[in-house]
Structure formats: structure tokens, C-alpha cells
Amino acid sequence: NTFRNNDRPLYNKYKRYWKLLLKPYEQLEMFEYNKVPLFKQWKTTKGIVDFLLDFDDKLLNTHHYVHQLRYALKENDEQLYTSTIQAITMGNIAPKLQISIRTLKNYHDMVLNTLEYSNLTNGPLEGINNKIKLIKRVSFGYRNFTNLRNRIILCTRLFSSNPKKEIKQLKAA
52 NTFRNNDRPL YNKYKRYWKL LLKPYEQLEM FEYNKVPLFK QWKTTKGIVD FLLDFDDKLL
112 NTHHYVHQLR YALKENDEQL YTSTIQAITM GNIAPKLQIS IRTLKNYHDM VLNTLEYSNL
172 TNGPLEGINN KIKLIKRVSF GYRNFTNLRN RIILCTRLFS SNPKKEIKQL KAA
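First residue of the sequence shown: 52, per our numbering; consecutive thereafter.
No false leads were mixed into what you were given.
Calculated lysine-lysine pairs in the DSSO-like style (CA-CA distance at most 27 Å, straight line):
no.	residue 1	residue 2
1	Lys97	Lys86
2	Lys147	Lys70
3	Lys70	Lys125
4	Lys125	Lys147
5	Lys94	Lys109
6	Lys74	Lys147
7	Lys64	Lys91
8	Lys109	Lys97
9	Lys66	Lys97
10	Lys97	Lys125
11	Lys156	Lys125
12	Lys86	Lys64
13	Lys74	Lys97
14	Lys109	Lys64
15	Lys125	Lys74
16	Lys66	Lys147
17	Lys109	Lys66
18	Lys94	Lys66
19	Lys64	Lys97
20	Lys74	Lys91
21	Lys91	Lys66
22	Lys86	Lys66
23	Lys97	Lys70
Quick list of the computed label-pair ranges, beta carbon to beta carbon:
no.	residue 1	residue 2	range
24	Asn181	Leu89	41 to 49 Å
25	Pro60	Glu80	20 to 28 Å
26	Leu185	Arg55	47 to 55 Å
27	Asp105	Pro75	14 to 22 Å
28	Arg55	Arg121	24 to 32 Å
29	Leu209	Phe106	58 to 66 Å
30	Leu131	Leu89	33 to 41 Å
31	Pro88	Asn157	36 to 44 Å
32	Leu209	Arg55	54 to 62 Å
33	Leu176	Pro75	29 to 37 Å
34	Asn85	Leu131	30 to 38 Å
35	Ile183	Pro60	52 to 60 Å
Simulated from the structure, these hints should not be mistaken for laboratory data.
Each residue gets a CB set at the ideal place from its N, CA and C atoms; glycine is no exception.
Build the full structure now, drawing on both the sequences and the hints.
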């Protein structure tokens, strides 16, 4: 909004190409030049983003840190994440991002656990919960909770089968 009254053509460029600022830097086109509206010359998408970032230092810093954090979280890179979080100075980034950075700093240990154990998921648990909800919805009218509980245990295979007792054989001498 700072360019809304001062520099209307620049404001229109921000308004039209704001989605390019959200795109990961690796996905921006560097070599394919196109004729783009609001620019007099042919530009790549990377060139448009660089042009838009040149006018505001706060936007440049915010863009850099957000995409660096996004990359670190995507690649599960603990060192890059930690160094990026520590390198951020609150005065150089947008106010909305400051809130998010404060939250990430408060939960730093939990985020590192997430990066370390990235292969763990609660998908199976969510599947069991969904199946229980389905059973409850379909089988309303059970007279007692024990029957409902037994049906849930059987359908979701939550029971542990008792192993058969082994027969001790006499050792041959």
C-alpha cells in the first residue's frame, strides 16, 4: 500500500504479480522470456520477482527468509533452519512475519523434532478415528456400550490375539 498513491504503475505491478512472490525461487523461470503486461520489455518470471523486490528492503528480507525457511523445512535441514531463525532480525522483516518467527522460536525444539523424525505421521491413527466415527454413525441404537466397543475393536483390528500355548516336548537324549 505504500506505492498506492506515490507510484501507481509500480503498485499495479505488485497487484498483478503478487503470486510470483509466493512461488518458490527454484520454480521461477530464468531462461524463457515472455512479453508480459505492465512491462515494456520482455521478462522472465525471475526477472519480474527481482524487479519487484528491488524497491522495498523489508519485502526483500521477508521474501528471502520465508523462502529459506520453506526450503529448510522441505528438505528437513536442521542446520539451515536453525541458522536462518537465529539470523533473522525482527526490525528487517514484515510485521506479520514477526509473529510467525516468534512462534517458531518459541517452539524451536518441537520443530527440530519434526525435522528429525520426518518419517513419523499420525495418518494410521486418523484412519482408525475415521473408521470409529463411521461405525458410530452406521450402528446407532446399540443398547450397551460394551457391544459397540467390541464391534469397534473387531472392525479396526485393535485386539491382540493371544498366542497359542506351546507344547513342551521332551528333549530326546
